[in-house]
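S.K.: So you can see what is in the structure, the chains are spelled out below.
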Amino acid sequence: MSVKRPTDLSLSRRQLLVGTAALSASALVAPHAMGETLPTATVNTTGLAVTDTEVTVGILHSVTGTMSISETGSVQAEKLAIEQINAAGGVLGRKIKFIQEDGASDWPTFAEKAKKLLVQDKCASVMGCWTSASRKAVLPVFEQYNGMLYYPTFYEGLEESKNVIYTGQEATQQIIAGLDWVQKEKKANTFYLLGSDYIWPRTSNKIARKHIENKLKLKVVGEEYFPLGHTQFNSVINKIKLRKPDVIYAIIVGGSNVAFYKQLKAAGINLTKQTLMTISVTEDEIDGIGGENIIGAYACMKYFQSLDNPNNKKFVAAFHKLWGDKTVIGDVTQAAYLGPWLWKLTVEKAGSFDIDKIAAASPGVEFKGAPEGYVRIHKNHHLWSKTRVGRARTDGQYDVIYETAELMEPDPFPKGYQ
Amino acid sequence: MVMGYSLGELSSIFAMQAFAGLILFSVFLLMALGLAIIFGQMGVINMAHGEFMILGAYMTYLTSHGFQTYLPGAYAIYFFVAMAIAFIASGAIGLAVEWLLIRHLYVRPLDTLLATWGLSLIMQQAFRSIFGAREVGVQLPDWMMGALSVTDVIEVQINGLFVMALTLIITGIVALLLFRSTWGLQVRAVVTNRTMSGAVGIDTRRIDRLTFGLGCGIAGIAGSAFTMIGSTGPTAGQLYIVDTFLVVVFGGAQSLLGTVASALTISQSQSTLEFFLSGSMAKVLTLLIVIGLLMLRPQGLFALKVRR
Amino acid sequence: MSAAATNNRNLELIGFALIALLIMVVLPLALDIFRLNLIGKYLTYAFVAVGLVLCWGYTGILSLGQGVFFGLGGYCMAMFLKLEASSAANTKIQSTPGIPDFMDWNQLTELPFFWVPFNSLPFALIAVIVVPAVVAFILGAAMFKRRVGGVYFAIITQALAAVMTILIIGRQGYTGGINGITDLRTLLGWDIRTDGAKYILYFVCCILLLGSMLLARFVLSSKLGRILVAIRDKEDRVRFSGYSVGDFKIFIFCLASAIAAVGGAMFTLQVGFMSPSFVGIVPSIEMVIFAAVGGRHSLVGAVIGTLLVNWAKTAFSESFPELWLFAMGGLFIAVALAFPRGLAGIFTDQVLPYIEKLWSRNRRGQDGVVVPNPAPAE
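Which chain is which? The protein sequence lines are G, Z and V, in order. Heads up, the first sequence is in the numbering used here, so the first residue is 1 and it goes up one at a time. Heads up, the second sequence is in the numbering used here, so the first residue is 1 and it goes up one at a time. Heads up, the third sequence is in the numbering used here, so the first residue is 1 and it goes up one at a time.
In case anyone wonders, no lab produced these hints; they're calculated from the structure. One or more hints might be untrue.
Unchecked claim - Calculated Cβ distances over 12 Å to all of chain Z for the following chain G residues:
id : residue
1  : K97
2  : I99
3  : E143
4  : Q144
5  : L158
6  : K379
7  : D411
As the list claims (entries may be wrong) - Only pairs whose alpha carbons sit at most 20 Å apart, straight line, appear in this in silico PhoX-like list of lysine-lysine:
id : chain 1 : residue 1 : chain 2 : residue 2
8  : V       : K41       : G       : K115
9  : G       : K241      : G       : K219
10 : V       : K198      : G       : K116
11 : G       : K115      : V       : K313
12 : V       : K92       : G       : K162
Note that CB positions come from ideal geometry on N, CA and C, so glycine has one too.
Based on the sequences and whatever the hints tell you, model everything.
M.R.: Encoded structure:
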């Protein structure tokens with residue numbers, strides 16, 4: 001954050017907001033000048049909710065229902081980004097105002113609210129969705145009414161839309177680098193694939209299997225899926241013990257995670273000795289699992305809270321100031337934080353709020369202030385980003401032990417992996 | 001060689017799978033015991049059963065925090081204290097719920113389903129408001145973690161053994177209460193013929209209340225034990241509903257023995273199937289088998305012969 | 001027929017006319033298309049509630065798995081629409097063009113056999129009714145012939161809902177998995193996403209709902225309807241009188257399921273997708289609750305109840321998400337405890353006598369009390 005503040009750490013949220021407001025008021029001098037050089041009529045030709053001083057965006061996540069646990073972090077990150085952008089002068093001299101809607105963990109509700117945000121509120125962009133199902137439900141709405149969605153979750157790929165910017169990683173980005181690393185570092189030969197039974201784990205394991213068998217020429221000795229919410233893993237743990245895979249590759253989500261790691265530990269499988277790699281356990285999940293149950297496991301994703309760079313330090317400090325010291329920041333939360341920033345940068349590059357112009361200007365937009373380091377939008381509307389491997393510590397954080405040298409290219413329709 | 005395993009490995013597989021099945025059996029039985037008492041005795045469907053379990057789990061969570069803060073030295077035994085607290089908390093709320101809600105609905109058993117579903121929504125939201133939406137974890141004392149090696153392949157989980165022992169003890173206590181105490185005698189009398197029991201001077205209202213409270217209390221203990229193997233979140237209780245009801249219904253409503261037998265059947269078939277199939281399909285097949293068997297024997301495995 | 005019964009029937013007719021007026025005239029005039037589409041979605045749940053009045057309110061069969069039938073109807077419709085949306089031209093980026101996108105992602109290279117007939121609209125429309133009815137028949141025949149009822153039946157249907165959800169999610173190559181069948185666009189070339197189409201679909205939905213209510217009314221007022229009530233109140237006596245109780249139960253359960261399925265099909269058309277989240281245990285119980293709040297013995301009440309609960313859900317969950325679950329839970333408890341006959345019961349017991357008292361000041365000696373339906377004895 002570029003804003004200087006008193007270093008008093010006990011600053012309350014209210015004080016913080018007042019501070020931000022005061023600072024942004026002082027920064028308004030420049031915006032006015034900009035608002036005059038860029039009249040609304042020229043930057044907004046399609047009737048979006050843009051005035052000379054304000055622009056409206058939507059936030060669409062589940063605040064209630066089963067998904068609210070996961071989506072809360074994204075909402076927090078998006079609000080933080082909007083606050084920071086406003087404090088730094090807004091977008092094309094206009095302050096961002098947001099309208100938040102609750103998807104209530106219910107997919108038709110997501111579609112309903114997306115339509116409301118686009119048709120009724122004329123939002124210039126929408127940050128939102130978390131599960132694939134909710135994204136699939138709103139996608140036709142965004143395409144029909146020509147909106148722009150910034151979607152934060154790592155996901156299975158197989159999708160590309162003019163109307164969506166995917167700020168999380170698609171499956172190949174997340175998976176391939178991790179498998180290459182584990183082969184090299186752990187001399188792994190055999191893999192056991194596990195997952196919750198729905199599209200993301202299944203597609204991800206499909207890509208993992210193809211990579212393991214065809215590219216690395218190694219062996220997959222088992223592959224299994226469990227219903228969401230499953231809590232009994234003893235049978236599969238027995239199978240794992242028998243097959244003795246070098247690597248357990250686990251894509252288990254939600255509450256099942258807690259049961260899985262606790263039972264692994266109880267069964268005497270020590271993750272500091274048995275290599276386990278996951279792409280589904282962020283710092284958020286460890287909160288529930290308990291650090292002592294997952295210590296030593298490897299996670300492969302693009303962001304960890306412990307990442308050591310100046311951008312991330314500022315981001316974590318600002319996040320904790322706004323939402324409390326105890327909140328942990330996972331991969332998706334960071335990706336959600338990118339959404340508003342990327343949109344701002346794209347709008348400024350395009351010199352317009354029009355959706356068509358933003359969609360066209362998006363490829364090539366860089367965000368150097370990203371907590372994960374540096375990201376750039378690919379022409380397929382996904383992000384170029386680095387992939388990292390972290391190792392779980394007892395305190396619920398990861399030690400980052402590897403990162404790819406280059407940015408990974410997003411490839412939602414990977415050849416040879418379908 | 002069968003399925004790529006040697007004979008020695010196969011025998012270890014069977015030993016370990018049998019043990020996994022036994023753990024599952026204990027879990028099912030523990031979940032179903034409280035419900036079986038309530039459903040068997042009063043015909044009340046308690047849809048909030050899962051929430052009473054989660055209440056027990058949260059009590060365990062609080063107790064573990066209390067011990068960590070004030071009595072770190074005694075942490076090794078906190079689990080026993082936690083179970084007692086879970087029993088008392090769930091049992092007390094159970095008594096209150098019976099008095100406020102359930103007793104008005106004995107004549108309309110299907111309506112208890114609506115009312116207890118409403119209760120479960122309220123409890124879920126209460127958990128969320130009090131403990132937050134995130135799942136919480138309970139740290140176990142060291143002696144409960146890890147496994148004992150029997151051979152180099154066969155290992156026995158200590159917390160699995162703990163759950164099994166707990167289930168054994170609680171089932172034993174319930175059986176003793178039912179068949180050796182005055183309360184048990186009265187319960188069995190009321191189940192057989194409520195009107196006559198009332199006529200010979202049994203306070204059926206009091207029996208109902210105690211039974212409901214006891215059932216909820218056992219649910220609390222089950223929830224407390226579950227913190228060892230599962231997750232504790234505001235909505236986790238709903239995960240257990242279907243399994244629990246099936247165990248009870250399949251066993252035959254008024255029979256403790258039936259509940260035990262049905263938990264054994266369902267858990268063994270599920271863990272066997274899980275070994276040969278993927279987890280999802282094993283679950284589907286188990287449910288279908290149980291539904292199928294129930295069609296053949298609608299009154300459950302062990303039905304009490306009662307004239308209605 | 002007694003005066004009270006005639007009175008009761010007139011009341012139902014007035015209620016029916018009022019509902020028709022409300023959903024066909026008042027709401028379309030008062031609301032914009034966005035809100036109206038929402039109402040249309042709620043009305044599809046009302047189909048399920050009407051079915052529940054038949055099998056639960058009048059016959060005493062409580063099914064906790066009506067979501068399965070709603071879902072089957074919806075999926076049948078969605079399969080047809082999805083095939084139409086996946087023409088070879090629309091799906092040319094896939095490795096196998098011409099099959100739905102989710103199949104391509106799951107390495108299917110040709111359409112599974114049970115999808116093939118869904119290329120035909122008449123087949124799909126028939127399947128919407130027949131598939132759920134057959135499932136209901138199999139379940140009903142197995143259960144009711146063996147005299148499984150009450151709580152047992154409720155729990156078995158609940159388990160069925162669980163099985164169905166796990167199957168749909170687990171077999172994603174054939175069903176679309178947890179995402180469901182999405183991105184449905186046209187019906188025989190007619191774009192169902194435009195505002196005009198939404199209006200038309202809304203009215204089709206209303207007409208079908210009113211039709212279902214009339215059909216249900218017809219069944220209930222026939223001799224069959226009285227046997228059903230008799231079964232609910234004293235099943236054994238009906239059996240001893242020589243009726244085949246099982247057959248009646250199977251019939252009404254199939255009818256209720258088919259009506260629910262029509263609702264599911266209309267849901268798919270109006271919302272534009274179908275997913276397993278409408279099949280499982282929670283939505284199934286919620287549908288029972290719509291009927292209970294409105295009044296399980298009143299077709300009109302069930303529809304009103306569905307509309308009110310859903311409207312409240314949308315309105316409250318926006319402003320007070322926390323309060324909402326408490327309110328909803330409280331509502332169910334209140335309905336179960338104090339108003340077992342729901343809003344319709346409150347109306348006939350409390351409001352009506354009052355109106356009639358005012359009314360009878362002008363007329364003399366009229367028997368103004370409506371005989372309430374007796375509470376069901378299980």
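S.K.: Could you check that no beta carbon of chain Z comes within 12 Å of the beta carbon of E143 (chain G)?
M.R.: The assertion about E143 (chain G) holds, with a minimum of 32 Å to chain Z.
S.K.: Evaluate the condition: distance from the CB of I99 (chain G) to the nearest CB of chain Z exceeds 12 Å.
M.R.: holds, 22 Å
S.K.: Need the status of pair K115 (chain G), K313 (chain V): alpha-carbon distance at most 20 Å?
M.R.: holds, 18 Å
S.K.: Over 12 Å to the closest beta carbon of chain Z is the bar; see if Q144 (chain G) clears it.
M.R.: With a cut-off of 12 Å, Q144 (chain G) remains clear of chain Z, as the shortest Cβ separation is near 33 Å.
S.K.: Under the criterion that the straight-line Cα-Cα distance not exceed 20 Å, is the pair K41 (chain V), K115 (chain G) satisfied?
M.R.: With a Cα-Cα distance of about 15 Å, the restraint between K41 (chain V) and K115 (chain G) holds, given a limit of 20 Å.
S.K.: Does K97 (chain G) sit more than 12 Å from chain Z, CB to CB?
M.R.: holds, 27 Å
S.K.: For K379 (chain G), is the shortest beta carbon distance to chain Z beyond 12 Å?
M.R.: Holds, because the least Cβ-Cβ distance between K379 (chain G) and chain Z comes to about 38 Å, which exceeds 12 Å.
S.K.: Has the given pair, K198 (chain V) with K116 (chain G), been kept, meaning a C-alpha gap of at most 20 Å?
M.R.: Within the cut-off at roughly 15 Å; holds.
S.K.: Does the claim that D411 (chain G) lies outside the interface with chain Z hold up, using a Cβ gap greater than 12 Å?
M.R.: holds, 28 Å
S.K.: Verify that the Cβ of L158 (chain G) lies farther than 12 Å from every Cβ atom of chain Z, and report whether the claim holds or is violated.
M.R.: holds, 21 Å
S.K.: Does the alpha-carbon distance linking K241 (chain G) and K219 (chain G) stay inside the 20 Å limit?
M.R.: holds, 16 Å
S.K.: Check whether the Cα positions of K92 (chain V) and K162 (chain G) lie no farther apart than 20 Å.
M.R.: Holds: K92 (chain V) and K162 (chain G) sit about 17 Å apart, inside 20 Å.
Figure legend: structure checked against the earlier numbered hints; every hint is met.
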